[in-house]
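Visitor: Chains as they are written, first to last, in the numbering used here: chain Z, 1 to 562; chain R, 1 to 562.
The hints are simulated quantities; they were obtained by calculation from the structure and are not laboratory data. All values derive from a computational prediction rather than experimental measurement. Hints should not be assumed to be uniformly reliable.
Identical copies go unnamed one by one, so any copy, or any two together, can satisfy a pair.
Listed next, the in silico BS3-like pairs over lysine-lysine satisfying Cα-Cα at most 30 angstroms (straight line) [as the list claims (entries may be wrong)]:
#: 1; residue 1: K196; residue 2: K2
#: 2; residue 1: K333; residue 2: K196
#: 3; residue 1: K300; residue 2: K142
#: 4; residue 1: K196; residue 2: K6
#: 5; residue 1: K142; residue 2: K50
#: 6; residue 1: K178; residue 2: K300
#: 7; residue 1: K178; residue 2: K106
#: 8; residue 1: K178; residue 2: K2
#: 9; residue 1: K196; residue 2: K556
#: 10; residue 1: K178; residue 2: K142
#: 11; residue 1: K147; residue 2: K180
#: 12; residue 1: K180; residue 2: K2
#: 13; residue 1: K300; residue 2: K166
#: 14; residue 1: K300; residue 2: K147
#: 15; residue 1: K166; residue 2: K339
#: 16; residue 1: K2; residue 2: K338
#: 17; residue 1: K180; residue 2: K106
#: 18; residue 1: K166; residue 2: K2
#: 19; residue 1: K98; residue 2: K166
#: 20; residue 1: K196; residue 2: K50
2 protein chains.
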Amino acid sequence: MKTLLKNGTVVNVFTDSLCEKDVLIEDGVIIGVDSYTDTEADHIEDVTGKYICPGFIDGHIHIESTMMTPTELSKSVLIHGTTGIVADPHEIANVCGKAGIEYMLKASENLPLSVFLNLPSCVPSTPLDESGATLTAEDLMKFYDNKRILGLAEMMNYYGVVNGDKDVLRKIEDALAKDKIVDGHAPLLTGRELDKYVAAGVQSDHECSSFAEGSERIEKGQWVMIRQGTAARNLEDLIDLFDEPWNRRCILVTDDKHPSDIYNDGHIDAMIRMAGAKGKSIPKAIRMATLQAAQCFGLKRMGAVAPGYRADLLVLNSLEQVEVRDVYCNGVKVVNDKKVIEIKEPELDEAILNEVNNTFNVEKQSSTDFIYPEESNRCRVIRCIPGQLLTEEYIADINWSENNGIDLNRDILKISVIERHRNTGHRGIGFIQGIGLKKGAIASSISHDSHNIIVIGTNAEDMACVANCVIEQGGGCAAVCDGKVLSKLSLPIAGLMADLSAQELSRQHEHLMSTIYSMGSSEEVAPLMTMAFISLTVIPYLKINTFGLVDVTEQKQISLYV
Amino acid sequence: MKTLLKNGTVVNVFTDSLCEKDVLIEDGVIIGVDSYTDTEADHIEDVTGKYICPGFIDGHIHIESTMMTPTELSKSVLIHGTTGIVADPHEIANVCGKAGIEYMLKASENLPLSVFLNLPSCVPSTPLDESGATLTAEDLMKFYDNKRILGLAEMMNYYGVVNGDKDVLRKIEDALAKDKIVDGHAPLLTGRELDKYVAAGVQSDHECSSFAEGSERIEKGQWVMIRQGTAARNLEDLIDLFDEPWNRRCILVTDDKHPSDIYNDGHIDAMIRMAGAKGKSIPKAIRMATLQAAQCFGLKRMGAVAPGYRADLLVLNSLEQVEVRDVYCNGVKVVNDKKVIEIKEPELDEAILNEVNNTFNVEKQSSTDFIYPEESNRCRVIRCIPGQLLTEEYIADINWSENNGIDLNRDILKISVIERHRNTGHRGIGFIQGIGLKKGAIASSISHDSHNIIVIGTNAEDMACVANCVIEQGGGCAAVCDGKVLSKLSLPIAGLMADLSAQELSRQHEHLMSTIYSMGSSEEVAPLMTMAFISLTVIPYLKINTFGLVDVTEQKQISLYV
Chain Z
1 MKTLLKNGTV VNVFTDSLCE KDVLIEDGVI IGVDSYTDTE ADHIEDVTGK
51 YICPGFIDGH IHIESTMMTP TELSKSVLIH GTTGIVADPH EIANVCGKAG
101 IEYMLKASEN LPLSVFLNLP SCVPSTPLDE SGATLTAEDL MKFYDNKRIL
151 GLAEMMNYYG VVNGDKDVLR KIEDALAKDK IVDGHAPLLT GRELDKYVAA
201 GVQSDHECSS FAEGSERIEK GQWVMIRQGT AARNLEDLID LFDEPWNRRC
251 ILVTDDKHPS DIYNDGHIDA MIRMAGAKGK SIPKAIRMAT LQAAQCFGLK
301 RMGAVAPGYR ADLLVLNSLE QVEVRDVYCN GVKVVNDKKV IEIKEPELDE
351 AILNEVNNTF NVEKQSSTDF IYPEESNRCR VIRCIPGQLL TEEYIADINW
401 SENNGIDLNR DILKISVIER HRNTGHRGIG FIQGIGLKKG AIASSISHDS
451 HNIIVIGTNA EDMACVANCV IEQGGGCAAV CDGKVLSKLS LPIAGLMADL
501 SAQELSRQHE HLMSTIYSMG SSEEVAPLMT MAFISLTVIP YLKINTFGLV
551 DVTEQKQISL YV
Chain R
1 MKTLLKNGTV VNVFTDSLCE KDVLIEDGVI IGVDSYTDTE ADHIEDVTGK
51 YICPGFIDGH IHIESTMMTP TELSKSVLIH GTTGIVADPH EIANVCGKAG
101 IEYMLKASEN LPLSVFLNLP SCVPSTPLDE SGATLTAEDL MKFYDNKRIL
151 GLAEMMNYYG VVNGDKDVLR KIEDALAKDK IVDGHAPLLT GRELDKYVAA
201 GVQSDHECSS FAEGSERIEK GQWVMIRQGT AARNLEDLID LFDEPWNRRC
251 ILVTDDKHPS DIYNDGHIDA MIRMAGAKGK SIPKAIRMAT LQAAQCFGLK
301 RMGAVAPGYR ADLLVLNSLE QVEVRDVYCN GVKVVNDKKV IEIKEPELDE
351 AILNEVNNTF NVEKQSSTDF IYPEESNRCR VIRCIPGQLL TEEYIADINW
401 SENNGIDLNR DILKISVIER HRNTGHRGIG FIQGIGLKKG AIASSISHDS
451 HNIIVIGTNA EDMACVANCV IEQGGGCAAV CDGKVLSKLS LPIAGLMADL
501 SAQELSRQHE HLMSTIYSMG SSEEVAPLMT MAFISLTVIP YLKINTFGLV
551 DVTEQKQISL YV
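Input sequences plus hints: build the corresponding full structure.
Guide: Below is the structure:
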């Protein structure tokens, strides 16, 4: 069956140029980019006045952060022109271990969206964490024979790499020996320490938050993944990397993006649109998001509209607006005039579903669990930075007499992390600034990377109530005020993902977000996403886990009290 | 053992920029590019005022055309900064078959020069040829497991690819299935035919002789190999490909270059120098010859001075002049102040040596063998084009009465190809214009790709004499005048390569060339190299084999007589 896209303007990612050509497709492959007569194809699509470009590839995404199953995710990103993703299933792996990776492989099999996986390199993210599972180098090895496994995902333990931790290096060596790639994650690492990290074989980084950080990595041979997610939005700070020569070694990724943000703003298309709005070349940005993403991961004959390339391509109404009309995956039209054609959910066997659907093991909480001992008036407070995952340490004078230290005027709230995998009763307590809640409490079973229950609140009663709401749902998020559940989102799959359609999930998620905003927080803060990373002990500086505060730079627990 | 190159200026191929840095090497790998103190290394090399750049990679070379053994070749190109080559052993394969490939693999094992091979795709080059061996798809398969085999070499049978020849496509599919690359060779192929050829999986071309030809291939996703050899010198015609965006998809190759040319002009360094002299950016040209060559062939962590990269690097006295002072291969200094350090010849077992050293099977020639029947006064003459492998057909009135049709005034000489592998007695006869001999005759057992004996002469007696001189040597080249051998070069290895040092070979080769020039030919013509390609029936338009003239476009024998 030959399909002919006629009279379009092709975006050539080898030359960053536009050219009026017909595109002939057969058996999922582009067999010609030239001029053809209608008699030479079985099916003709007139795309006069439209643009034809390669499908976009998201080089680093955590499917769990979209809260969608792979099938629902594919529906919601395909309409935005994303035809391939490289996912790191380390959230579900932190909860379910190997079964989590198996679930992601099976649940993403034979979708129109090309789903590649990298193996979680740090489960748990650090020895400080209490996760639901541990993945050793041996655990990972068996997965490398799967063609959809491209390598080892973000090596967050740069401390271990730089200091020659045997188990960490073993995982890297295994990946390289299997001729696979190793992705990085090393915020603020620089100079000779960065050299050691790169020399170990780590080929990329998606944590750059400044041009200096990005350009240094490019000079040292790494691929820089320009990230624009929900909480971490680096595109504007890295906008100069869209210029030559830097753009030759950059690709575009979302990392962690909420369902409603994908639904409302878009995906990789939104990043290209943004770059264009900032005066950067759209064809070059498209090259970064297609051909270069493929090159970064050694994906052959993907990412271009050229003979012999896989027919993953887009028909755009507008180049400037990156307005996606139709999408072809492997030569088959899957999005027609902005509507996705029905996608069949892969069938999963019961054993895997049981593993990922029953992951909670924790007692009901009471308000006394959230009353802190008054040991000192000077305490360490976690200060959030809007639009970043980095946090600062701020030493505050705590007035214990009033609401056990909570001070709404200074926006000092309580934060607590409750172990939920093995019912150990472990709980970390702390204060946080920058979330902005004026009443009630919020909680989530999404708390990177161990995904225990994280709670932020303005009073102990609501904190207990919201935590229990999450527990009763067997995972999810909720907002509570004066003992009443104002909004909740159920995430039964490993406490991370919903079994809802993208649209319904997005609706519920938006309701939850607007509820949280109505409680005093703001979109600028991205409270749920920000909260989810306050427990990630690999991103500087001050974080919190099930044992209490953590000094990330020193990689050790520190006291709440100074 | 840590080696530190101190105070150099590093050429960064990721950014096309220069930067003053120290380079730290350990166990053959670059572990840091930063500032270091002397105490941090076991051995210090002060390279103040010098440039440090990655070693050059020749992306397409026939070792046989240099007439040197791999060991001698490595000596002669290392001093010019070439630390890696991708060789196609199809000359020796046409003579010795699989044994020829085995010889090249064994003879290039563990040399400081990284020698990679692509498997000859067309042995014989076409069904018209009488070669010493035939290589089937099955014959090739066993070689793919060798890590130094990168793929399938120049697929010259583009007619077969475009028209779906099963055996040809099978060879391509095998290479791609083994996750290897397929190099191309398709002079003048364009438009939809080229699309078909590229769509089959052919990733490169080294036969471009115009910007239009090169840019079309780049637009269609191929790598363009800019070639500057002895006879085929395309760099000047392709000079604009050194500009953006074209240079991103180009690499530099020599293909076929004579020993004295390498000895006198240089290798890849000469091409970069030439591009610089024509006003092109030297750092970009270096990027094309290093990082991009590695990318073209999927060679990981090669082709850059960056952490984790293989320590194949050069110390240059001058960037503009690309003046190579020292060369490091895998971290070991192999060229010191322009002098190559002794290289040990790999040991070869007798069986292989016997196979490649006894390849002649042909009777002694007599002058009557070179007297042509006078069937018509209008004959087809092969017309050479200086600096190109392309030939033209020229219909000439032949005056048989005088010297059996030879006409020195019009530079119409006799050319003959004598089968020499199986003593079939087959001989092709024809006329040639553009060689310029005024007396005597020249002959060579280097005649692409079948490597029968090719003879060009001004009279039958000298043609017989020079052919016999080649036969007596068991392979080689010679120049004869008035029955006297004026100069000869013995090439006992498959009739293609000498067992001489690069210097001695170069001396003898220069003597032979100057002798041929003294007989009337000129350097501009490159008579030996040009003669060697007159029998290659895959390069348009008029060629000659052991059965007579060949119309390359039609791929059929045609009569000498019109």
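Visitor: Decide, hint by hint, whether the structure agrees.
Guide: Consistency of the hints with the structure:
Taking the shortest alpha-carbon separations for K196 and K2, only the inter-copy value of 14 angstroms comes in at or below 30 angstroms, while the best intra-copy value is 51 angstroms. For the homomeric pair K333 and K196, the shortest alpha-carbon distance between copies (23 angstroms) is at most 30 angstroms, but the shortest distance inside one copy (46 angstroms) is not. Taking identical chains as interchangeable, the C-alpha atoms of K300 and K142 lie at most 30 angstroms apart whether they share a chain (23 angstroms) or sit on different chains (23 angstroms). Proximity of K196 and K6 under a CA criterion of 30 angstroms is satisfied inter-copy only: 18 angstroms between copies versus 51 angstroms inside one chain copy.
Taking identical chains as interchangeable, the C-alpha atoms of K142 and K50 are never at most 30 angstroms apart, the minima being 45 angstroms within one chain and 48 angstroms between chains. For a Cα distance limit of 30 angstroms, the shortest separation of K178 from K300 qualifies both inside one copy, at 17 angstroms, and across copies, at 13 angstroms. For a Cα distance limit of 30 angstroms, the shortest separation of K178 from K106 qualifies both inside one copy, at 22 angstroms, and across copies, at 26 angstroms. For the homomeric pair K178 and K2, the shortest alpha-carbon distance between copies (27 angstroms) is at most 30 angstroms, but the shortest distance inside one copy (37 angstroms) is not.
Taking CA atoms no more than 30 angstroms apart as the test, K196 paired with K556 passes inside one copy only; the shortest distance there is 23 angstroms, against 61 angstroms between copies. Taking the closest pair of Cα atoms, K178 and K142 come within 30 angstroms of each other both inside a single copy (11 angstroms) and across two copies (21 angstroms). Within a single copy, K147 and K180 get their C-alpha atoms as close as 10 angstroms, and across copies as close as 15 angstroms, so both meet the 30 angstroms cut-off. Taking the shortest alpha-carbon separations for K180 and K2, only the inter-copy value of 28 angstroms comes in at or below 30 angstroms, while the best intra-copy value is 35 angstroms.
In this assembly of identical chains, K300 and K166 lie within 30 angstroms of each other by CA distance solely across copies; the values are 23 angstroms between and 33 angstroms within a copy. In this homomeric assembly, K300 and K147 come within 30 angstroms of each other (Cα to Cα) both inside a single copy, at 12 angstroms, and across copies, at 19 angstroms. Taking the shortest Cα distances, K166 and K339 never come within 30 angstroms of each other, neither inside one copy (50 angstroms) nor across copies (41 angstroms). Taking identical chains as interchangeable, the C-alpha atoms of K2 and K338 lie at most 30 angstroms apart only when both belong to the same chain, with a minimum of 23 angstroms there against 59 angstroms between chains.
In this assembly of identical chains, the alpha carbons of K180 and K106 lie at most 30 angstroms apart whether taken from the same copy (21 angstroms) or from different copies (28 angstroms). In this homomeric assembly, K166 and K2 come within 30 angstroms of each other (Cα to Cα) only across copies, at 21 angstroms, whereas the closest approach inside a single copy is 53 angstroms. Only within a single protomer do K98 and K166 lie at most 30 angstroms apart by alpha-carbon distance; the minimum there is 21 angstroms, versus 44 angstroms between protomers. Taking identical chains as interchangeable, the C-alpha atoms of K196 and K50 lie at most 30 angstroms apart only when they sit on different chains, with a minimum of 25 angstroms there against 47 angstroms within one chain.
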